[in-house]
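Protein sequence lines correspond, in order, to chains C and H. Every position in the first sequence, counted from 1, becomes a number in the working numbering once 104 is added. Every position in the second sequence, counted from 1, becomes a number in the working numbering once 146 is added.
Hints were generated in silico from the structure; no laboratory data involved. Mixed in with the good hints there might be a few duds.
The calculated DSS-like cross-link candidates involving lysine-lysine, where the alpha carbons are at most 30 Å apart (straight line), are [unchecked claim]: (1) Lys377/C with Lys180/H; (2) Lys534/H with Lys524/H; (3) Lys329/H with Lys217/C; (4) Lys281/C with Lys329/H; (5) Lys329/H with Lys268/H; (6) Lys265/C with Lys470/H; (7) Lys470/H with Lys423/H; (8) Lys306/C with Lys180/H; (9) Lys310/H with Lys546/H; (10) Lys461/H with Lys425/H; (11) Lys281/C with Lys500/H; (12) Lys281/C with Lys524/H; (13) Lys534/H with Lys329/H; (14) Lys500/H with Lys265/C; (15) Lys281/C with Lys217/C; (16) Lys425/H with Lys265/C.
None of the values given here were measured: they were computed from a predicted structure.
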Amino acid sequence: MSTKQPLSHLDWLEAEAIHILREVAGQCANPVLLFSGGKDSLCILRLAEKAFRPGRFPFPLMHIDTGHNYQEVINFRDQRAAELGERLIVRSVEDSMKRGTVVLKTPDEPRNKHQSVTLLEAIEEFGFDCCIGGARRDEEKARAKERIMSFRDEFGQWDPKNQRPELWNLYNARVHKGENIRAFPISNWTEMDVWQYIEREKLELPSIYFAHQRDIVMRHGAIFPVNVPLASGELINQPKAGEEVINMQVRFRTVGDVTCTAPVISDADDVSKIVVETATTTITERGATRLDDQTSDASMEQRKKEGYF
Amino acid sequence: MTTQHNDSLLRFMTCGSVDDGKSTLIGRLLYDTKTILADTLNNIERTSKKRGMEAVDLSLLTDGLQAEREQGITIDVAYRYFSTGTRKYIIADAPGHEQYTRNMVTAASTANLAIILIDARKGVLTQTRRHSYLAHLVGIPHIVVAVNKMDLVSYDQATYEKIKADYIAFATEIGLAQARDIKFIPMSALNGDMLVDRLDNMDWYQGETLLDILEAAPAAHSEQAEAFRFPVQFVCRPHDSANPELHDFRGFMGRVESGSIAVGDAVTVLPNGYQSKVKAIQLGNDQLQTAQTEQSITLLLEDEIDTSRGDMIVKTSEAPEAVKQIEAHVCWLSETPLSPARTYIVRHTTRESKAKIGSIQYKVDVNTLEQQATADLKMNDIARVSFKLAQPLMVDSYDKNRATGAFIVIDESSNNTVGAGMIV
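Extracted from the complex, chain H is given alone in its bound form:
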């Protein structure tokens, strides 16, 4: 590990169940990149022995809650970190069972790459289809299909090729192959084949190792031009009468959710439609000439415009629509079913609106991908839903922009986050 500062960052997720060796894969990545330190290793060695296992069970690294250790399963999304010296990684580790669809959607929402694990002995299963569909739905641009446990099929190339062909056929059928970048890799997470080191069991595979793929994967927002979207989080008005420079200071604080902006650019503040120009861009004490996606900045405009949290600053030439009706794919997250009669709160960027359900067109069986008619939604259901909004929202389709195409649904009485929406 080196200590340089200018490495980039990649967020990725792993999809699979305990049986696929997902936890072992993560444990191996952490172990081979020397992220696991001696005391942690000692701890899991002790626990492995206590449970009567011969080898160190690397999956123990990822199961953090008491209930998970007791039951030997992963319940919730866990985040793990490692660094290679050229890149920092954030892994979202989500459980793979059907009843945890909501956790997979949660993990996928911030990932730019998904590793889908397939057990080489079992091939493409129902759960592979489910994981692939969800990764596709939540807009993860890069998919790595990892055919794991190759050691248990004698590192047989024909087995790998068959699984690869099956997967391509299925991925083409659901439109995944056409829309996303898919890579395949044979591996054994248990032995470490093709993770960080190639080892010498699969000389027939000449492609990249898993770590090579991760190191080269494009960063989020780097691959297509996106429109400038700047939801206002907070307005800074110091009212400092002792300092004439600050007396009229009015800074619009937020994060560039997409695109870029430069001093002098013509901007529009939505939903009111006021127009102005960018006077200055600040980050701490630094004056910037431009700002790009994912930077948290303060924007100063030429004109005094009444703007508050929930407004959105955009380039005048590429303003989004302000809409009071939206169509979306929704994943229901709550144990309390969606009730079509109730009013919910929709939070989109920094803006909230009351919302009523227009209609539920259909729900999707995540195993067969069939569409079914339904009157309500239960936890882990995925459905296409239309909403009527009390306030206009400035939206893009989720396909075009994951930041301004996404929203959450909040239950007004419990304040819980009960749904996740992706605008069609």
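So here's chain C without its partners, still in its complex pose:
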């Protein structure tokens, strides 16, 4: 018997995630990897490289674009997919709006929750039986209860009280036609693990994750980015009358729809400074930055039941 040095926690998490990705590839006929250009999905791309190279990924990449994304992130998304030489599918919430399947209550309403509709339409269009995503259990308390391979019925619904038991590392991704599995390879990672992994693997990230100057206003107690240019050239998040626009040094901890993702004040301009900041912060990742999670104690659970990630 050799004296075994246990794997470091990052090596262990990496090995677990690779195992999950390979189970998806082994068990599912037509999986897809959801890729937004955000930090969690960038980690998953690196894990997929480690899982499947020198072969190609056994799944395409797909982004559900709200049309309200930071241009830096969209450019980065396209660049990364091209570097990897993997197929990127983009489906857009604005197309669902044109089809009439997404109806906004107000024109400037956050579109994050409407991604569910477009996602389900894309699943049906391509016949995907599994979507790989970057959700983590530490993000939110409904997610803490979700399986690594999470079953969704033909309406994309998650039933938290009727989940498949998941034991050892024996995952069950079997589905009937029309149903699907959401697979979460980094379920057991925390925000800190993600940043440590980015640091170790020297992963490149969209620039808005690092400290930069930006026009903001204070709205509902949060820092709210204003006058953000979209790909179309349109400026959104106009300041309201009476709001004072301040130029501040900020960075984003999560990247999502421009209308509901707030930055934090920070001078961390490289990954090692972000790791230190993450270790000393007093606010959770989605706490001050995701305005869509704050509606009620159960808003994430509600959205997940309706097909959201």
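Put chain H on the given structure of chain C with help from the hints.
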């Protein structure tokens, strides 16, 4: 909290009911290791006040689903994370009621240590026996018996010693004391005595704090020599004709479930029995000379061997048996009872086989641990069952190897996971 990268990882579970202070214990661990951040604390302060409580109810941290918050109970297994700077922890928090046996078995399946909570006012109860039996059955090597709520018995040493003696007597009776490492600790999760800090209420206890025990607990697979087991998950054949090096590339991808392997080792591919040698071991772009338990790697062999998902690569000198009949302890997980007449699917490592029930020898009353004759199995039943398999499986006994001794049972019509098996 520090930011170093080379800390190890421990998965553990907590067994107990709300009344034992289990959620408070977890809340306290997260709070004292500064895992709970200000906004989360504000949230639960608000909720505590709304419910008319004076102190912050740390148990609110762990109840994540709407139905759980409404009913004030924990329904499903939740996973929680904290880090001390030297170790990362994954807690599986399982509800303790009898009707949730399946959740406890689920949480136990990935745990290397179990904290069994006992209320100091109540001592060893039926549920303590049930939790201990299940932790034993599912093969958790390290048990910590936490005698909680010591503040409510005036931190009385004699009360603690009595409970400890009772537990040892019971654990010896069921073979747990002989087979597992058991530690005892008096504590008050509410006040924080002996969790992260010792405080000064129990100077008579000179042992480790709970966090000391967790920090020193051996990692999974580190304590006994295990045979090399490598179930093939996926075969990589790039067929890249533009790149002559990749033209004949054939990589066997999987996770080392146990043991270790080195370049040059003689291996056998089961169930066919082809023999070869390890030509290379890869992890991403890295070429490794050896690989160990829990690493996900790609193996290249010297010879061209027809191998696919579901095969198992082992060292030629320590090949397991390929069997078409298995005996196992089974926990039934589904609301639909087991029907002895039906065919099920057994998934073992990366391999599946159709299976028929041979016989149900007995089921175990998890409260009295008595064996009873039975014709079928209902949700939360634990029984000894034999299966006849359509395909051979390469198995070890669960006692020897938790990875190759475990399987799940799948209902072919619903695709649900309906049973969990541990091979005898």
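We went through each hint and held it up to the structure:
A hinted pair counts as satisfied when its Cα atoms are at most 30 Å apart, and lysine 377/C with lysine 180/H qualifies at roughly 20 Å. A threshold of 30 Å between alpha carbons decides the hint, and for lysine 534/H with lysine 524/H the separation of about 20 Å falls inside it, so the pair holds. Distance hint between lysine 329/H and lysine 217/C is unfulfilled; the C-alpha atoms sit about 48 Å from each other, more than 30 Å. In summary, the hint linking lysine 281/C to lysine 329/H is not supported, as the alpha carbons are separated by about 50 Å, beyond the 30 Å threshold.
In summary, the hint linking lysine 329/H to lysine 268/H is supported, as the alpha carbons are separated by about 19 Å, within the 30 Å threshold. Using a Cα cut-off of 30 Å, the hinted pair lysine 265/C and lysine 470/H is violated, with the two alpha carbons roughly 35 Å apart. Our distance criterion of 30 Å between C-alpha atoms is met by lysine 470/H and lysine 423/H, whose separation comes to about 27 Å. Pair hint lysine 306/C plus lysine 180/H holds up; C-alpha atoms about 28 Å apart against a cutoff of 30 Å.
For the proposed pair lysine 310/H and lysine 546/H, the alpha carbon gap of about 29 Å is at most 30 Å, so the pair holds. For a cut-off of 30 Å, the pair hint linking lysine 461/H to lysine 425/H stands: about 14 Å separates their Cα positions. Between lysine 281/C and lysine 500/H, the direct Cα distance comes to roughly 21 Å. Compliance with the 30 Å bound is thereby established for this hinted pair. Only pairs whose Cα atoms come within 30 Å are accepted, and lysine 281/C paired with lysine 524/H is accepted, the gap being roughly 29 Å.
The hinted pair formed by lysine 534/H and lysine 329/H fails the criterion: a straight-line CA distance of about 40 Å is larger than 30 Å. At most 30 Å may separate the alpha-carbon atoms for a hinted pair to count; lysine 500/H and lysine 265/C meet this at roughly 28 Å. Taking the CA atoms of lysine 281/C and lysine 217/C, the gap is about 25 Å. The hint holds against a cut of 30 Å. Distance hint between lysine 425/H and lysine 265/C is unfulfilled; the C-alpha atoms sit about 48 Å from each other, more than 30 Å.
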